[in-house]
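J.: Sequence:
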Amino acid sequence: MPMQDADGENANRQENRLDRASIIKHFREHGPRATYLASSRDVTLSTGQRARLVYVLPKYKLHLASTRPGDMRAALHLALACSEREVRQACSNVRTKSYDLFRHIYLVQTFSVVYITADGDAVDAHVDFVKCGGYSEHALFIAGLVSKEGFQKLPKGPLHSQPVKRVMGKAKRSEATKRMLAAPEAKTQQDEPDLPVSDVAAERFLPGSAAKNAKSHCMAAGDEADGLCLATVLKGGRCKRRRVNGNFCRQHAADASSPDKLKTFFGSLQDSFESAADRFERQEVALAMQLSLQDNKDLAARLDRSRRVLKLRLDPLGLDRVSTEPDGSCQFQAVLLSAGIPMNAYSFRTQVVGYLRAFPDLFQKDIEAKFASYSAYLDYMSRPDAWGDDLTLVGAAHLLLRRIKVISDYDLEGERMFTPPPMISSDVWGDDVYICHMLQNHFEATCPKLPQAPRAKAEV
Numbered sequence: 384m385p386m387q388d389a390d391g392e393n394a395n396r397q398e399n400r401l402d403r404a405s406i407i408k409h410f411r412e413h414g415p416r417a418t419y420l421a422s423s424r425d426v427t428l429s430t431g432q433r434a435r436l437v438y439v440l441p442k443y444k445l446h447l448a449s450t451r452p453g454d455m456r457a458a459l460h461l462a463l464a465c466s467e468r469e470v471r472q473a474c475s476n477v478r479t480k481s482y483d484l485f486r487h488i489y490l491v492q493t494f495s496v497v498y499i500t501a502d503g504d505a506v507d508a509h510v511d512f513v514k515c516g517g518y519s520e521h522a523l524f525i526a527g528l529v530s531k532e533g534f535q536k537l538p539k540g541p542l543h544s545q546p547v548k549r550v551m552g553k554a555k556r557s558e559a560t561k562r563m564l565a566a567p568e569a570k571t572q573q574d575e576p577d578l579p580v581s582d583v584a585a586e587r588f589l590p591g592s593a594a595k596n597a598k599s600h601c602m603a604a605g606d607e608a609d610g611l612c613l614a615t616v617l618k619g620g621r622c623k624r625r626r627v628n629g630n631f632c633r634q635h636a637a638d639a640s641s642p643d644k645l646k647t648f649f650g651s652l653q654d655s656f657e658s659a660a661d662r663f664e665r666q667e668v669a670l671a672m673q674l675s676l677q678d679n680k681d682l683a684a685r686l687d688r689s690r691r692v693l694k695l696r697l698d699p700l701g702l703d704r705v706s707t708e709p710d711g712s713c714q715f716q717a718v719l720l721s722a723g724i725p726m727n728a729y730s731f732r733t734q735v736v737g738y739l740r741a742f743p744d745l746f747q748k749d750i751e752a753k754f755a756s757y758s759a760y761l762d763y764m765s766r767p768d769a770w771g772d773d774l775t776l777v778g779a780a781h782l783l784l785r786r787i788k789v790i791s792d793y794d795l796e797g798e799r800m801f802t803p804p805p806m807i808s809s810d811v812w813g814d815d816v817y818i819c820h821m822l823q824n825h826f827e828a829t830c831p832k833l834p835q836a837p838r839a840k841a842e843v
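Each residue of the sequence shown is one higher than the one before, counting from 384 in the numbering used here.
By construction, these hints were calculated from the structure, which means they are not laboratory data. The structure presented is a predicted model; accordingly, all values stated were derived computationally and were not measured. Treat the hints with care, since some could be wrong.
Said to hold, decoys possible - In silico DSS-like links for lysine-lysine, alpha-carbon gap of 27 Å or less:
hint: 1; residue 1: Lys680; residue 2: Lys694
hint: 2; residue 1: Lys555; residue 2: Lys694
hint: 3; residue 1: Lys694; residue 2: Lys753
hint: 4; residue 1: Lys694; residue 2: Lys748
hint: 5; residue 1: Lys748; residue 2: Lys788
What the hints assert, rightly or not - Now the in silico label distances, taken between C-beta atoms and shown as ranges:
hint: 6; residue 1: Phe742; residue 2: Val811; range: 12 to 22 Å
hint: 7; residue 1: Leu822; residue 2: Phe754; range: 37 to 47 Å
hint: 8; residue 1: Glu664; residue 2: Gly711; range: 31 to 41 Å
hint: 9; residue 1: Ser758; residue 2: Lys680; range: 42 to 52 Å
hint: 10; residue 1: Tyr763; residue 2: Val705; range: 20 to 30 Å
hint: 11; residue 1: Trp770; residue 2: Val705; range: 14 to 24 Å
hint: 12; residue 1: Asp661; residue 2: Tyr763; range: 22 to 32 Å
Cβ atoms here follow ideal geometry from the backbone N, Cα and C, with glycine treated the same way.
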C-alpha cells in the first residue's frame, strides 16, 4: 500500500497483509507513486530468512527515465518476482519483449528494494546487480523508520544526507602573533638638524686638507658655495653633504643619476648574458622542432603500418575499424561502440570497477606490482583518465556476459579473448565483441562492413 496516499486511507489499513495480486491490482487502479510499501508473505531471502515487508524506493534518478510509469511498474514486478522467468519478464525490452541485461541494471540502480525480516532487520538484497551483499543508504533509511510500535517519521532524512556540524575551538594567539598582526604605528618623520662639522671630523673625511680652506661640502648648513665640491679632486675624498637630491650635492646628483654611473659590473654583463641566452634558446627551439618533426614522421609511419595490419586481420571477419577518442577511456568506449550499447564511457567504467570491487578474491592476484593494494588499483581505475588494462576487460566480459576479442597489430599477438565466468552456461552468452588494439596503447571499436552497391556495367 503506498505511503502518504492521497486518498486518505485509514492508518489501520496498514496492518492488513496484501498478497501479490492485491498489490498489482492496487497499482493498476491508482497508478505509480513516489514510494511503494508492499507486504509479502511468500518472499524468502537468499539467507533463508522470511521477508515481512517490501519497499520500492527510487534512487533519485527518475529524471533519467524515459517513461516513468513504465519504469516504476517494471521495478514493482521485479521486486515481487519469485522465479527467474518472472525476473526476465520484468526486465524485458519494451520493443523486443526479450530479457535486456542493461534494463535489469538500470532498474536495480534506479530503484532499491529493501526487505524487512521478521526480526526487524533491514536487508537490501539488490544493493548491486552482482549481489555482492552489504547495506545501502536505503537500508539505513528504512532501519531508522522501523520500531516496535510501527513506523515513525524521520524528519532529518536518511543518515547519509544529514549534515555533520563540526565545532572547532578558537585558537589562542600568542603575544608574538598579536604583535605581528597589529597595525603598524604611524611615525612622523622629523628633519635631522644639520649641525656644523668640526675641523677634526672634516679632516677625517678629507685627509691632507682643511675643510674651511677647501670649501668642501663637509661644511655646516647654509654654505653659500653649494654648487662647489672639491671632495672628488682630493685624495680619498667623498661628498658627505646631505641635500634634497640624496647623499650628493647638486654637482654630483646629476652624475649619480646617469645610467653610466648606476651600471655595476654585473649590470655591464647583462646585455651579453641576454644575447647569449637568446642564442641558446633559439638553438634549443630549433633542435626541439627537428626532433618533433622526426618523431611525427616516425609515428605516422607506425600508424600507417598499424592500420594496414588491422585491416588485413579484420577483413576476414567482415569488420571495419571505428576511430575512438584518445581521452583515457578509449577501452571502455571501444567496448560500448562495438557492442552497440548506448551508454556513457564513465558510467560503464563505474559498472566494471564496481564488479571488480565486489569480487576481490578472484581478481586481486592479477593486479600490477606498481599498485600498493587492490583498493588502490580500483581507486586509480575509477579516474576518468585512467587507461584500462586486461583486468578491466575481464570485468567487462563478466558484466556483459559476452566474449571480448582484442585484435592487435602486434606481430606476435594476433588476437586475445576474454570470456564470461565459466560457471555461467555459454547458452546465455551474447554475441562476441571485437575491438582493436593499436601500438599497444590505444583501443578502437569495430563495426560490420556495409554492403557495397553493385557497380553499373559500362556501356559499350
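J.: Against this structure, judge whether each hint is valid.
T.: A quick look at each hint next to the structure:
{"no.": "1", "hint": "Lys680 with Lys694", "result": "holds (21 Å)"}
{"no.": "2", "hint": "Lys555 with Lys694", "result": "violated (72 Å)"}
{"no.": "3", "hint": "Lys694 with Lys753", "result": "violated (35 Å)"}
{"no.": "4", "hint": "Lys694 with Lys748", "result": "violated (35 Å)"}
{"no.": "5", "hint": "Lys748 with Lys788", "result": "holds (23 Å)"}
{"no.": "6", "hint": "Phe742 with Val811: 12 to 22 Å", "result": "holds (19 Å)"}
{"no.": "7", "hint": "Leu822 with Phe754: 37 to 47 Å", "result": "violated (24 Å)"}
{"no.": "8", "hint": "Glu664 with Gly711: 31 to 41 Å", "result": "holds (33 Å)"}
{"no.": "9", "hint": "Ser758 with Lys680: 42 to 52 Å", "result": "holds (44 Å)"}
{"no.": "10", "hint": "Tyr763 with Val705: 20 to 30 Å", "result": "holds (27 Å)"}
{"no.": "11", "hint": "Trp770 with Val705: 14 to 24 Å", "result": "holds (19 Å)"}
{"no.": "12", "hint": "Asp661 with Tyr763: 22 to 32 Å", "result": "violated (43 Å)"}
When held up to the earlier numbered hints, the structure conflicts with 2, 3, 4, 7, 12 and fits the remainder.
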